[in-house]
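*Asks:* Protein chains in written order, with this note's numbering: chain S, 1 to 125; chain Z, 1 to 134.
No lab work stands behind these hints, which were simulated from the structure alone.
This one's a predicted model, so the numbers in the text were calculated from it and none came from an experiment.
Ideal Cβ positions, reconstructed from N, Cα and C, are used throughout, including at glycine.
Wrong hints could be hidden among the right ones.
Some chain Z residues flagged as far from chain S (calculated, every beta-carbon gap over 12 Å) [as the list claims (entries may be wrong)]:
#: 1; residue: Asn-35
#: 2; residue: Glu-92
#: 3; residue: Lys-108
Just some of the chain S residues that point at chain Z, by a computed CB distance under 10 Å [as the list claims (entries may be wrong)]:
#: 4; residue: Met-81
#: 5; residue: Asp-83
#: 6; residue: Pro-96
For reference, the chains in residue letters:
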Amino acid sequence: MKEQDVVPYRNRVKEHAVKMGMGLVNQTKLITAASELVRNMLKYGGGGIATIETISQGRENGVRLVFADKGPGIKDISLAMKDGFTTGRSLGLGLPGTKRLVSEFLLESTEGKGTTVTIIKWKNG
Amino acid sequence: MDKIPILKMSDFLLVTIQVDLYDQLAENLESDLINMVKKYNSHGVLIDISAVSIIDSFMGRILGNIAMMSKILDAETVVVGMQPAVAITLIELGLPLKGVHSALNVEKGMALLRSKIHNIEQDISIPADDSSTE
Ligand SMILES: Nc1ncnc2c1ncn2[C@@H]1O[C@H](COP(=O)(O)OP(=O)(O)O)[C@@H](O)[C@H]1O
Ligand SMILES: [Mg+2]
Numbered sequence: 001m002k003e004q005d006v007v008p009y010r011n012r013v014k015e016h017a018v019k020m021g022m023g024l025v026n027q028t029k030l031i032t033a034a035s036e037l038v039r040n041m042l043k044y045g046g047g048g049i050a051t052i053e054t055i056s057q058g059r060e061n062g063v064r065l066v067f068a069d070k071g072p073g074i075k076d077i078s079l080a081m082k083d084g085f086t087t088g089r090s091l092g093l094g095l096p097g098t099k100r101l102v103s104e105f106l107l108e109s110t111e112g113k114g115t116t117v118t119i120i121k122w123k124n125g
Numbered sequence: 001m002d003k004i005p006i007l008k009m010s011d012f013l014l015v016t017i018q019v020d021l022y023d024q025l026a027e028n029l030e031s032d033l034i035n036m037v038k039k040y041n042s043h044g045v046l047i048d049i050s051a052v053s054i055i056d057s058f059m060g061r062i063l064g065n066i067a068m069m070s071k072i073l074d075a076e077t078v079v080v081g082m083q084p085a086v087a088i089t090l091i092e093l094g095l096p097l098k099g100v101h102s103a104l105n106v107e108k109g110m111a112l113l114r115s116k117i118h119n120i121e122q123d124i125s126i127p128a129d130d131s132s133t134e
């Protein structure tokens with residue numbers, strides 16, 4: 001993935017969300033979260049793979065996004081999850097903000113191996 | 001590379017963002033706007049984001065930078081037409097749009113800017129030259 005892929009990728013996330021009937025506010029939260037995570041993957045992870053899936057659990061439908069890179073990884077995850085923490089001179093809101101915007105958030109990272117972030121936004125979540 | 005047009009309207013600069021910005025375009029907008037504020041000695045910057053469906057922390061930072069730099073150059077920044085879903089998302093993301101005023105539409109944004117500039121003019125006792133009684 002490259003910088004120019006960000007907008008088309010967001011559009012694809014939107015297509016999935018619209019197709020399952022997700023409301024506008026949840027769509028906007030999901031796409032904003034996706035935008036943050038793609039940006040991190042490009043900026044800190046040296047690029048990677050982003051996937052989009054529609055999932056269901058019981059009667060609830062949702063969209064699951066996975067962002068996987070083979071970059072340097074994150075040394076201190078709890079520090080990275082703090083509002084305002086950044087090593088990139090930006091706002092430090094991407095990870096903590098994303099966690100607030102989605103229904104489920106999983107961050108896995110191994111130093112020297114890479115980082116994988118998985119998020120789920122339920123249609124009514 | 002495409003550019004976002006910046007319109008000069010008397011004392012103000014008006015920008016209408018009609019596409020979802022990718023990074024380079026947003027950064028160019030930031031520097032173009034600052035340069036134009038300097039060049040024309042503008043007192044207000046009006047950014048119409050009614051067509052923008054996503055503002056992430058990157059875009060939010062650009063808007064904040066524009067407001068901060070404009071302020072240093074003695075210009076106020078008003079963002080108009082933010083979609084409600086975008087506003088709700090920004091709050092949850094935790095992004096305070098510091099120094100950015102907001103208004104419902106371009107007309108109200110203009111009025112807001114005028115009132116701010118009018119105040120400045122009164123402060124330094126320069127008579128306003130328009131005959132508007134609003
Ligand atoms: N994919 C990643 N690989 C390595 N480090 C990352 C990754 N994503 C985030 N980080 C680290 O976590 C910090 C916080 O990220 P974030 O909350 O998005 O804020 P920001 O992007 O503004 O720095 C980053 O500054 C970086 O150090
Ligand atoms: Mg980030």
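*Asks:* Taking 12 Å as the cut and beta carbons as the points, is Z:Lys-108 off the interface with chain S?
*Replies:* The claim stands: Z:Lys-108 keeps its Cβ more than 12 Å from every Cβ of chain S (closest is about 23 Å).
*Asks:* Just want to verify: Z:Glu-92 was marked as not at the interface with chain S; is every Cβ pair farther apart than 12 Å?
*Replies:* 5 Å, violated
*Asks:* Answer holds if the nearest beta-carbon of chain Z is closer than 10 Å to that of S:Met-81; otherwise answer violated.
*Replies:* 12 Å, violated
*Asks:* Have a go at the S:Pro-96 hint: is there a Cβ in chain Z nearer than 10 Å to its own Cβ?
*Replies:* OK, holds: S:Pro-96 within 10 Å of chain Z, min 7 Å.
*Asks:* Close enough to count: is the Cβ of S:Asp-83 nearer than 10 Å to one in chain Z?
*Replies:* It holds, given that the least Cβ distance between S:Asp-83 and chain Z is near 6 Å, below 10 Å.
*Asks:* Would you check whether the claim that Z:Asn-35 is not at the interface survives, using Cβ distances to chain S and the 12 Å cut-off?
*Replies:* 22 Å, holds
Of the hints listed earlier, those the structure fails to meet are numbers 2 and 4, in rising order.
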